Structures are given as C-alpha cells and as structure tokens.
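Work out the full structure, taking the sequences as your base and the hints as a guide.
4 protein chains.
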Amino acid sequence: MRRGVFCCGGELVGRTTRLLSSSSRSSPAASAVLEATPQKKVIQRAPETTTTKTTTTTTAEQPVAIAVVGGGRMGEIRCQHIARSGGARLEAFVDVDPSAAASLASRHAGCEAYVALDDVFATKKIDAVWICAPTPAHADLIATSARASAHVAVEKPVAMSAVDIRNAYDVCEQHNVHLTCAFQRRCDASYAAVAEAVADGRVGAPRSIRSVFRDHPAPPTSFLRDAGGDPFHDIATHDIDYILSMVKQQLNGSSLDHHPDEVWACGTSSTRELRENGVYDAATVVLKWKRGDALELCATLDIARGSAYGYDQRVEVYGTLGNSVCVTNQPGSNVALNDNTGTHRGPLVHSFPQRFDQAFAQELEFFLECVRGNATPKVTSHDAQLATIVAEAALQSARHDTVVKFTRDDRNDELHLRYTPTTKPPREEPTTRHAAAAVSA
Amino acid sequence: MRRGVFCCGGELVGRTTRLLSSSSRSSPAASAVLEATPQKKVIQRAPETTTTKTTTTTTAEQPVAIAVVGGGRMGEIRCQHIARSGGARLEAFVDVDPSAAASLASRHAGCEAYVALDDVFATKKIDAVWICAPTPAHADLIATSARASAHVAVEKPVAMSAVDIRNAYDVCEQHNVHLTCAFQRRCDASYAAVAEAVADGRVGAPRSIRSVFRDHPAPPTSFLRDAGGDPFHDIATHDIDYILSMVKQQLNGSSLDHHPDEVWACGTSSTRELRENGVYDAATVVLKWKRGDALELCATLDIARGSAYGYDQRVEVYGTLGNSVCVTNQPGSNVALNDNTGTHRGPLVHSFPQRFDQAFAQELEFFLECVRGNATPKVTSHDAQLATIVAEAALQSARHDTVVKFTRDDRNDELHLRYTPTTKPPREEPTTRHAAAAVSA
Amino acid sequence: MRRGVFCCGGELVGRTTRLLSSSSRSSPAASAVLEATPQKKVIQRAPETTTTKTTTTTTAEQPVAIAVVGGGRMGEIRCQHIARSGGARLEAFVDVDPSAAASLASRHAGCEAYVALDDVFATKKIDAVWICAPTPAHADLIATSARASAHVAVEKPVAMSAVDIRNAYDVCEQHNVHLTCAFQRRCDASYAAVAEAVADGRVGAPRSIRSVFRDHPAPPTSFLRDAGGDPFHDIATHDIDYILSMVKQQLNGSSLDHHPDEVWACGTSSTRELRENGVYDAATVVLKWKRGDALELCATLDIARGSAYGYDQRVEVYGTLGNSVCVTNQPGSNVALNDNTGTHRGPLVHSFPQRFDQAFAQELEFFLECVRGNATPKVTSHDAQLATIVAEAALQSARHDTVVKFTRDDRNDELHLRYTPTTKPPREEPTTRHAAAAVSA
Amino acid sequence: MRRGVFCCGGELVGRTTRLLSSSSRSSPAASAVLEATPQKKVIQRAPETTTTKTTTTTTAEQPVAIAVVGGGRMGEIRCQHIARSGGARLEAFVDVDPSAAASLASRHAGCEAYVALDDVFATKKIDAVWICAPTPAHADLIATSARASAHVAVEKPVAMSAVDIRNAYDVCEQHNVHLTCAFQRRCDASYAAVAEAVADGRVGAPRSIRSVFRDHPAPPTSFLRDAGGDPFHDIATHDIDYILSMVKQQLNGSSLDHHPDEVWACGTSSTRELRENGVYDAATVVLKWKRGDALELCATLDIARGSAYGYDQRVEVYGTLGNSVCVTNQPGSNVALNDNTGTHRGPLVHSFPQRFDQAFAQELEFFLECVRGNATPKVTSHDAQLATIVAEAALQSARHDTVVKFTRDDRNDELHLRYTPTTKPPREEPTTRHAAAAVSA
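Protein chains in written order, with UniProt numbering: chain A, 1 to 441; chain B, 1 to 441; chain C, 1 to 441; chain D, 1 to 441.
In case anyone wonders, no lab produced these hints; they're calculated from the structure.
Since the structure is predicted, the reported quantities are computational estimates derived from the model, not experimental observations.
There may be inaccurate statements among the hints.
The list treats identical chains as interchangeable, and a pair is accepted whether it falls inside one copy or across any two copies.
Said to hold, decoys possible - In silico EDC-like links for lysine to aspartate or glutamate, alpha-carbon gap of 20 Å or less:
1) K156 with E173
2) K156 with D140
3) K405 with D257
4) K125 with E112
5) K124 with E112
6) K290 with E276
7) K290 with E273
8) K290 with D230
9) K156 with D234
10) K156 with E365
11) K125 with E369
12) K156 with D357
Pasting the structure below:
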C-alpha cells in the first residue's frame, strides 16, 4: 500500500481500514513491492524539499511549544486540540485584536496573549506556529515563523496565489523548517481509508470520482453578497486536493504529473440578488484526465454553501473492477422515528468541528511528529500550488463559460492553462446538420 | 403539482409519494393553480399531437388486444406483464426467428406466433403493438402498426436518429394512433415520486442533479468490443430523458424549451483492448442550463456498463432550499451479517427486470389507458427527439474532446449544436500568465 | 451446510446467500459431511413419513394440475402464482360462495369454478390441492384430497389443534400423498439465508434470537373485538416455526427434540375496549432452551397487529462468536428526502403479498417438486404440531400469568406442558428479605 | 413534555430532538400544561429529597473544585471531561496506588495526587467529588464526601445493595449535598431524545420496549471466569434504569410506583468453562407491567459481554399508535465498500468512551449545575435502589429458573419479591391433556 504518498496515517485510521484490508486483493508480494516503491518527485526536476532536508527537531520528551495565530473558529479549535494533546504546549495566542487574544489565551493555562507574532518570538521559545489568520496575512506570518526557525502549519490555502504559495514553501525550505497545509481530509479516518483502499486496488483503476461538499449551516446572504465568497477556492479546494492526492497515488512511479488535463465548471446562484452580484453559492466542477493506460478518469465535484440537512461530505470512487468505495455521511444522532409517513432521522452532523474532530486531532499529532523530525508533511509545495491552480481554473471556467485545458511546455517544464475568455466573440462553428435537422419542426 | 407533464402517474405511485406529500410546502391554492396550468407546447409553434388529437379508443370492458414484436429479454418481460394484466390480451408474438416466436407464444395461452407483423394484421384484430425488436427495425414496424390503426409502444430509442423519431411520431399522428416510448423511469414509483417532489417545490429551484446508472451484470468484453456499444445512447438516455422531463416541469408555463444549453462528456475504457477499439464502457455527462431566474442548473450523469455490486440506479436533486430528494438504491435482499470486520449486506438488486418490475407493470397499464382513450402518452415527439439529440451531443463531446453548445435559430425555430471537431487544429489561446508562472519550478 | 433440514432451497435463494457463503468458515470437507448427514427423525421412534414413502408422481413434462380452495386473499395470491408458473395449471377454484368461485375462476383461462372439492375430483384429473379455506375446514378438505390421491398444500395452521394436525398428516401418509404447511419464511430468500448462515456456524452457537412481526395494515378494532383474534396462533406461529426450525438444525445429529423447555408470554391490548374483551393485539413471547453444551438459547418474539409504518418483519440471531445475522426490514420505496428536520424515507413494504412475493413463488415451485416426486416437504407433522403447541403454550402463559414448562415422559415419549392456571390461588412464597428491606421507605 | 422527570436535558440534546419535536402531536397548550406539571413523588409517602431541599451552592462565576477518586478507565475519562469543561477545576486525584495517582494527576495542570480522600479535604477546598473507585468502596467515600459538605457523583451502582444505596442517599441528604449516579443514558442525546419522544406521546402508550446492550471489546474469558462478572448488575442496569425512567414518566401524576410487576431472566454461557463456573456472559431479561389502563408493557433486554462487531447499543419503543422510536447503533466510520459480494461497512463504534463521549460531557455539566444549586439530580434514591433490585431479581430468576413477582405490602409500603427457589422440589402441576395428547406418537 502506497500510504506514504497520501495520508497523515497513524493509529487513528487503523481501525477504520481494517474493514478494507481484511480481504485485500493484493498478494503480499505485490504489497511489498508497492510499499518499497520510493516516493518519486512529482513535477519538478529539482528534488523536493520534503524528501531530503534535515529538519530541526525537538526531543520527543519535551512537549512541542506552539503559538497559534488568529482567533476565528479554526483558531479556537486548534487551541483546544493543542490543549488536549499530551505532546504539545500552547504557549502563545496571537490576534491583532488584543481583547480577542486575551480572551482566548485566558482559557488555556500557561498561554499568553499577543498582538504580533514577532513579539512571541522575542519573548518565548517557540517550536512551531499554527496559522489560522485570514489568508492575506499568511505569507508574512509564514516568513516570520520560518525566520524564527519555527515549523509552520497553516489553514488552507497556504497563500493568496500559486506564486505566493511557492514562495512560502521556499522560504521555509531556506530556513530548514517544515510547512504544512491543513487539508483535513488527509487525516480524516474515513477519507484516508477510502484513499488507501483505492491505492490498494480495491476498485481497480479509478474511472469515476464523485464528491459532494455541501456546507452547513448556510452563511447569511449578506455575507455572501458583500464578501464575494468564491466556492471554488473556499470550498472545492478540499475535495480538489483530496482527489488530486489520489491521482498522485495512481501515478506514483511514473514521471507524469497529477494535474488534470481539463477543468470544466459551472456556478449557480440561489437568489437573484446573488446572481446580480456575480456570486455563486453552488457549483459543479469536472476534472478530466485522459492519459490512456496510465490514467483515464473523470471527477465531478458538487459543492454548495448551505445544505439545510446538515454537513454533507461524501466521496465515491468507482473503478475498472466495477467496485466502488465511498465516504458516506455522518449522522447527527442515533435516533429514528417510524410512523405512518415512514422513517425519520435527524439532520446530518452539524458542521466541520464535529465532523472533523478526529481529523483535527490527527493533523495535530502528525504535525507534532514532523516537528519532532519523525515525519514529513504530506502536502508538498506542488500539491498546495496545484490545488489553488485547479480551483482558479474552475473559477475561470465558470466565469468565462468555457473549458480550461492544461498543457505542459516541455522546454521549461511549465504548466499552462488555455481557455477562451468570454470577452472575445465566440467563433462561429459549423452547425452539425444531423442534429439541426433533427429538431426543426 | 404538475404531475401531468411528467409521470405515468396513477395508483401505484400513491403510496410512495405519501411520504413527500405529507408536509408539502405548496399551499392548496398554489397547487390548484399549478394543476390548472395547461400543458404548454414546448418547442414547436404547431400544436403538439398529444394534447389535441382524437384517438381511436376501445371500450374499457374489452381487454386490449396486443401484439408483441421481438423476442429479446424485453419482449419476454412485456409478454409476462400483458399476461398478468387484467386489461390486456396477448394475441400475437412476432419474431423473425420462427422458433423463437413459437417458443415464446407457446408459453401464453391464446397467443399465436408470427414471423411478420403484417401477417398479424392480416389475420387478427389488434388494438396495439409493443415493439421490442432491434432499434433499426423500429421505424418500419411503427409505420406498419400505424397504418393498421394500432397504437404503438416502443422500447427506447424510438428510432435511429432524431429525424427518424420525428417521422415515426408524424406517421402515428397521421393515422390517429398513439406512439409512446418506454422510458421506464417515468413510471417507476421512486423516480416518479422524486420528480413530483421537485415539481412540488420540495427542494426549491433545482440547482444540481446527480444521477448514477451502473448496469449489472456486465456484458462480455467481446460484445462491447464487437458491437461497439455506445453508453450515451444505450444507457445515458434513460437519465437524460428523466432529467429533461424534470427541467420541462420547471419551465412549464414559460415559452422556453428544456434542451440544455451545453453538454460536456467524457468516456473511459476499462481495458486497453476496449480503448484501442474506441469503446467506452463508462462515462460522465454534464448538462448545463444557464437562464437566470428561469433555470440555472447543472446535471451530472455517471454511467457504466458493469457494476460488480448489483444494479446501481440513483438520482439526487439539490435545490435552492438547501434540501435534496433522492432515488436511492434497492437492496437485493434483506440480510445483514455483523462480524469482527463490520456489517455486510449482499449486492443490490440484480438487474432491470427486478428493479423496474413495478415500472414495467405501470407502463403497460398507462399505455392501456392511452389505448382506451383515457390518457395521452407522456413522452412526446419532442421529448423523444431531444433525448437522442442530447445523447448524440454527449457522444460528440467525448469523441471530439470539446463542449457542445445548443443554440436556437430564431428564424426557423431550429436547434443547432455547435462544437469544435477534433479534426481541426486547436486554436492557440493566450496562456494565462498567472497560472503559468505559478507552477514553474 | 444442513440445508436439507430447513429450507425449501433452490435457485431463488442462491443470489442472496452468496454474501454469506463467500467466506464460509466451514471447510469443504466439513461441508460435505454436513450435507451427507441423513435427516434424522426428530421425535417419534417410528420412521417419519417424509423420508421413506414412495410418492405418487407426475412426469415433469406435464404441468401439475392444481385446484385451489378458498377465495380469501391467500386464495387469490396462490392462483396468481400458479398462473405465472410454467410448471402448474390452475384447473379448478373452489369456494362455498358460488359467485366468489366464479369471479376468481373467470380471471384464469382454463380454470373452472366449483362450490365443493368433491365435485372437482368427480370431474377433473387433479394432481394437487392448495387449501386456503378457513382453518376449521382444513381437516376435512385435507382428508378429501388425500382420498382422491391429490397432494396437499395448506395455509397455516394445518388444523385447529395439534391432534387434528397429526391426524391430517396421518391420513395423507395413509394415502401416500404429501402434505405441506405454508410457513413462507422457509422459502423467503432472506429468512432462508439467515437460517443457512446460522447452520453454517457464521455466528457460532446461537444464544439469543430476537424476532419482530408487526402486521400492517391494522385490522379494524371491531374485527379484533368480535373475532377474538389470538396473536399467538395467528401471527406468532410464523416466527415460532422459523425459530424452531433453526433449533432443529442445531440439534441435527442428536437425539434431542427441538421443543423449548420453557415458554413465557405477555399479551397487551391497545385500547380499553379490547382489554375488557380479553383481546390482545400485541404480545411478547419468550422461548428458552437450557441443555448445556447441546443447546442454550433464549428467543424473544415481538408481535403486534397494527404497525403504522408498514410491514415490519425482522429477526436477529446472535451467537457465541459475538456475531449476529439479521433479516432486516424491506423498504417500501427507494426515495429519501433531506430537509432541515433530517432525512425522511417512506413506510416499509405494505404487507405480506409484497414482502413475501418471492417466497410464495418459491413455495409453489418447491411444492411442485414434491408433487413430481423430486422433493419432500420440509414442514413435518411434528414441526406443524409443535408450532401449534408452542403458540398454545404462549397463549396459556399470557392468560394464566405463569410460565409454561415442557417435560417429556420417557415411558411413552409424550411431551407435557406444566403450568399453574390462574384459577388456583397463588401459593405464598417466602419473601426475599434482602429486597424487601431495600425498598422500604 | 415531561422532561423534568427523566433527562439531564439542556442544550446538547436540543439538536437531536428537533427531528422529533418538529411534528409534535402535542398542542402548544398541552405542552405547557405538561411542562407545568409538578414532579410528583413517586413511591414514598414522604416528600423526596430531590425536590425540596436547599442545597449548598457555589457561585456560578467560580469553577467548581472537583476531586476524582479512582484511577480506572472511568477515572481517566472523568478527569479529561473536567479538564475540558470551562466550569470545573480538577483539584485532586485520589487513588490508593500512589503511582497511579501521581501519573494521572501529572497529566492535568493544577491537579494534585492523593492516596486518601480524607487528605484532600484536609488540604483543599473541594466543592464536589466524582467517585470512580470500585463499588465496594463507594459507601465510605460517599459518606466521607458528604461529611465534608462536598456534592457527590458516583459511577453505577451507587453501592453494593439496595440498602446501602438508600443509606448513601440518606447520609447525603443529612449533610445537605447532592448525590447522583452516573447512568449515562440519561444524558445521551439519542437516548434522551427517544425518552422525550415517548413522553411526548409520539408512539402512544408504550406496549413493547426492546433494548440491546452488547459490550465491546470482549473481556478475557479468564476475567469472566475468575471475577464472576454478573451481566445483570454489571451491564443490564443501564438499560433497566433507562426503561424504568421511561415507565416513571408514563406514571407521572399517578400514585403508582414504576417497579415492574414481574421479572423473568435467562442467562447463557458461551463456553463450557464459563458454564461450569456458573458464569453467564449473555442474558435476556424480561420486565412486565400489567396495570390495565395505567400501564401495560413488556420490556425485553438483550445483553452480552462480547460483541465482535463493535459496541452495540440500541433501544426501540413501540406503542399503541403503531409507531416506534429507536436509538440506533452508531457506526464506527463513514466508509462503505461495494464489491461483488455486496456492501461492506466497518464495525460499530469501538466502545463506551467513544459512544458516550457527549453523554459524559453532559453528565458533568448537569452535575455542575446541581452543585451550583441550579438543578437537582435526576436519579433519585428510589431510582438507584430500584435499578439494583430489578437487576438482582433478574439474577435470581436466571439462577433459580423461575419468575420473580413484585408485590407491595400496603401496611408498610414495602416492596416484596416472590419467587420459587430451585432448592425446593417443583410442585406437580396437572398436565394439560390437550397438549400432551397432541404430541404423543
């Protein structure tokens, strides 16, 4: 099993995957081969940071000293998990709003409040920083941390653009610290089990992947209208990274990159007001790979802002064996009522803090292992860039009503996106006579 | 509720839909308005056959005398349902193979075997014909039946091309007999209930429809390789017609046609042999409607030849209320085993004869009502043409690696498909600098 | 696998049991041994009719000529299944009400109506009779059939009392015809698969069996009040026979009988009116076997007249491996609605004609095989008697508020029931001081 | 809704119960009446402690200072929940083993280790004690706490016998502190929602309750053999208390006690070794109430030590409306694999720490509310006694192969258990001639 490429692994997923491994089709020998396959570099000719560098490590005996930056919901969640972990110590909480910083810090014994990350490094010995601040601040905070030799975990996306993401990884590499991006599906027991089942060949070669991400609860319309809120970058990236990581597994051992060959997307608005403001609150994204024997796959992503029935998170992978493996939804309770109208169950799990509680805990533990020098972040610079590039391609496809194709320039190993912007008049294509005749009255 | 547009309705679906109707959001007044809305013509300026013609009817007291043509699996199934129905009498079975004809006829008391449909009309009084012969024979058999004043039901597709389909409907109209196409989802209790729930506004305006049709059991590879076997026309048309019929419901009362504005598709092959022979055995189809307040919707269809786990037939409709309504899969048994690897259930229902048994019975009963003059077929000439046109567009999209767009010529009310065939060299599009920069090493 | 003891077997259950047989713990050798184990006589010292007699058979080529007696719902269902079967011909339908007889007969080509079974034999050659008349008429109809050398299938119970049941079997044996009782769980694919899984040792030795039978739709209260309607004999016998047949499998090869050692039951009434009329419309029955290594098992049966949510038919067998195997409920449709109150599905399958359609077909086919001399009825005289005796014991337990114990008289191999009727004053038992003290104020 | 009687209530269960409350049959007026109904005393003529006393309270602003006693798994869990709660401060951890005490204390900032509870009170200001020590130590620890004016929560059972339980409650009442017993179903969102649905009349009057408690993972056989391990007191008490609490709700407003009228039980052993040592590792318990219009109900409890497929915790309540409401099992993951043998899911949730995490948190919060004087424990002295008495009755029923009946002595309001010990020779009952005849050969 090629676990090394994808998941944050570890004990927590063991139980879940037992179901799937109990009747593995791979012979032991074949598995051994697969396990032994070294992780090939994926795009770049230059060796990847994550496989070769010597990282600054702390001894396992000492709890890892962590500063958390940013007081939103994720900041709170990360602080809670750090407080619960036996391997970490929450040293500092940073928020530009002093009262927010003080309030959260006061809830954790030994944690001090700061308004600037620089001040933390000036006064404390910090091993690692977890950045939950708004995305525009990520690049500076990452650089500050790297210069202070602190390892970095950052909420997705790593930075505002693919270029910025690459730069962020580069600065961390220069200062010999790890940078990891919190795509929590990588550490979720169920998503990880499905990815492992696919890597183990349980469905054959994947041919169709269908994911659903319908957020819950819905944000206020005013928020969507005013803040824009692009579902491709905000929501779809989680599934994009997850699907790309499975493709990467499939291509492991080949020299091919895992970027899709084609992206098609369609955004919709649930109200006229949103539509007139150009805001999508639901969308479909299609990713296509057509590389013959190596990879032939179509993935469809269904995303929406406001499910009414709870937090809907699913994926299904169907392959050449005619099998499928699925992440199914998590119920919000264990209650059923049977009456003369049928069987009724309550809504799905409320939202991400409940659904991904285990994944957030595992993400932390895996990051601590990276900080200690025992592991390497799974989300590489290329992975993080590609998730953003594909999300951007989807946005452009939807906005410009076109297909976006990826091509590679062999001279400089660059990836290009090609599409027809709507600002140009569409070219007149020859009408297909057959069809035209068919529907005339 | 606009049931008139879509389903074959009737008693059989009553029980299923009770769940959904029990808490309908539509006020009684609103429902009444909807029910009273006359069925508007959909594309053509000329009035549709189905709403105005006077049909030849038989008295309800007499069983309808039926001839079945074609001895494949569907022929057998139709004969069985006719034999079980109190309202029909199987008078004749026609197959070009005399022994096949004799064999099947011998299993039904009172049924005689023929090798040609003309001979049936020469010797028997026949009210209706059910055509299960191979598609290339449909057009002639329909014309023969119409000329003999027999109503016609035909397995999908009605004919080989949209033009032939229109001609088939025209000849039936000229001879004042009904023609209906057996898209059985229209009569399936669960598919009908979902369509009705959507029509009733239970999900709001639909924004995303996701269907799955994975056939079971898989045909032999040799069959696929030699017979070609196009999954768009063979399989996807069922979901295409079903989805289009729901769109038609949404547009009911407007002058807009329900054809999609855009079709994108991708076909894959499960083996190198199939790929080298240009045979897809799995595919994804995307249909897109972007008409502002009137209709904004993306549908994704997942189709495959050979599910390993039983007959997989699903659809899910998500709308602006944040609700979804789904046709879920039908288990093949009611058995579960719990052991130390988890919970195990058997495969899904075996195949279409089991899954759609109720739908086939209901299709027959509804057709008999049409023959008796009490009802009008739901699948109109335009519906049948459009299903074929969209399937063809999907095939062209997959083959030519392009998007197919539908445009309407206002001068003559013709529908055109526009796309870029791959025989032409792709035009050089300006590279997006942003993205290109992002991924360079 | 000891399939021979229990189920009506055959092709129909093959698919369902594949789930369970795919990872059977039995080695091939062990299975062979089990298959080869001859069916031991179960109670009586005298050889059982079913294993040794030479039956009157018809050639397989000729359809079996059947008369159906009794025009209730089961009569109709049996006629339909006979009409659909390729191996049988419905020759006659008998009902004491001439118009009922004529009405049903007219719906089946070649079937003639009669008011007395004797008249059928006087005018037709009949191979077998299916008796669906009211229970009090069973004994005479069976005897009439046997004397006319016609094999007999009869709806449960075979006759009004265990004595009458034995006599009915005896008369059939004397006339060398088969008698079988229609306990349809024996032929239901799911119930059969569970019984086979238990026989195959998939749960280990069974320790707990829990069954549910909640009928649907509910009969009118007036019917229950006036007709009495004893849920133990009317409803629970199906589960009693099913559970006893699994116990018989477990004891196969031993000289022990499968009767329970103890029966405890409690009946309840849903309204005061029913209670005042002594009518139970729900009940719990407990069966206990305590025979050390040979058999240690408690079964609880939950029965009710009127489920609101559809036809509820379940069983669960838990064993010493810590595994369980279950018959789960059959949904009435494949529709789900997700909204802000949760997930909603419609009621379960409507009632027995829908739920047991496959079982009724299989029962007929197996009976035809018996008539043809290729098989032997699975429900033996002893089985049929015991189902009635246990139902009666449950009734007495509930009525007399006591436990009923079974003991065997070794002198004459008789089975005795012992219990304390409520007409006797309860004996004063010593109060347990410990408990009494505990709850005093 | 009579929430006051049963559950620990509060915010956490709100979401779950939304499903059920959305279509409540109770009119708002009726609900108001029910809510306003004062909690009647249940058995004792004397007013219940819990409704009238003035408790020692702490101000809400100060975290409640807690000592935890006992270092088993529950001790760890309670410490974790206290550490996570904003309203409590873990001041001391007590274990007779100094290293165990030190180890656990060291994991919680501010928590000190002790080997005796007396020493804690001598050196710290403690508001409340949570007792997780072995049951034999409970009585002394409770008395010690009460004398130090500390409120007490204790793992079940409160003490070794019903008498000891009453004494424990009495000593707490004398010292004006609360005593509560941790029956966690009372605080589990799903169990609470089901109890509330029953109280709200969603199923009508309950007629059948079926619960399952199959523990996971299985303890070693040697543990069971040597430590005895009585499943009635160890396992079944949770369901007994839960079911009794629902019965108490039903009787609310009447003067009747909720003790069952009859208890029947059967224990089984999964191996010969256990059987020969008199150890049951699975059992069935039946509770019966027959009080006419007031209460007519049969409850069956299925308990087992070692489920192989995860932690199986279910209950189902069926009532006079023909409806049922259920606690269903919690899956252990969100993964499904579909292959040619069917659909496979992993085991259920692993064990009680996972399944009841929310309940343990809610139990703590509710206890803190009691400590603050804002609430009263739901498990009364009588409740705690009765759970133990019924478990003991089940044990006696199984051991003595008899039914245990409860009778009340009106002279002194004492509850008596009556049953026939097996040491006495069974009385010869008249054989039922009918049945005996039926089965003779």
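Practice task
First find the shortest C-alpha distance between K405 and D257 inside one copy, then the shortest across copies, and answer within, between, both or neither for a cut-off of 20 Å.
Solution key: Classified as within: same-chain Cα gap 14 Å, cross-chain 31 Å, threshold 20 Å.
Handout entry: Within, between, both or neither: K156, E173 at alpha-carbon 20 Å
Key = Within. Shortest intra-copy distance 19 Å satisfies the 20 Å Cα cut-off; inter-copy 55 Å does not.
Problem - Intra- versus inter-subunit Cα pairing at 20 Å for K290 with E276 - result: Answer is between; shortest inter-copy Cα gap is 13 Å, intra-copy 36 Å.
Problem - Copy assignment of K290 with E273, given that the CA separation must stay at most 20 Å - result: between (39 Å within a copy, 16 Å between copies)
Problem - Alpha-carbon proximity context of K290 and D230, limit 20 Å - result: between (28 Å within a copy, 18 Å between copies)
Handout entry: Homo-oligomer pair classification [D140, K156; C-alpha up to 20 Å]
Key = Within one copy, since 15 Å is at most 20 Å while 55 Å is not.
Exercise for the section: Can you give me the call for K124 and E112, within, between, both or neither, at a CA distance of at most 20 Å? Expected result: within (10 Å within a copy, 27 Å between copies)
Handout entry: Intra- versus inter-copy proximity for D357 and K156 (alpha-carbon distance at most 20 Å)
Key = within (17 Å within a copy, 29 Å between copies)
Problem - Within, between, both or neither, where K156 and E365 count as close if Cα-Cα is 20 Å or less - result: Intra 18 Å, inter 34 Å, cutoff 20 Å: intra-copy only.
Exercise for the section: Give the relationship of K125 and E369 under a CA distance limit of 20 Å: within one copy only, between copies only, both, or neither. Expected result: Close inside one copy (18 Å), not across copies (40 Å); limit 20 Å.
Handout entry: Within, between, both or neither, where K125 and E112 count as close if Cα-Cα is 20 Å or less
Key = within (13 Å within a copy, 27 Å between copies)
Exercise for the section: Since the copies are identical, ignore which copy is meant and state whether K156 and D234 lie within 20 Å (CA to CA) inside a copy, between copies, both or neither. Expected result: For K156 and D234, only the intra-copy Cα distance (9 Å) is at most 20 Å; the inter-copy one is 43 Å.
Of the numbered hints stated above, none is contradicted by the structure.
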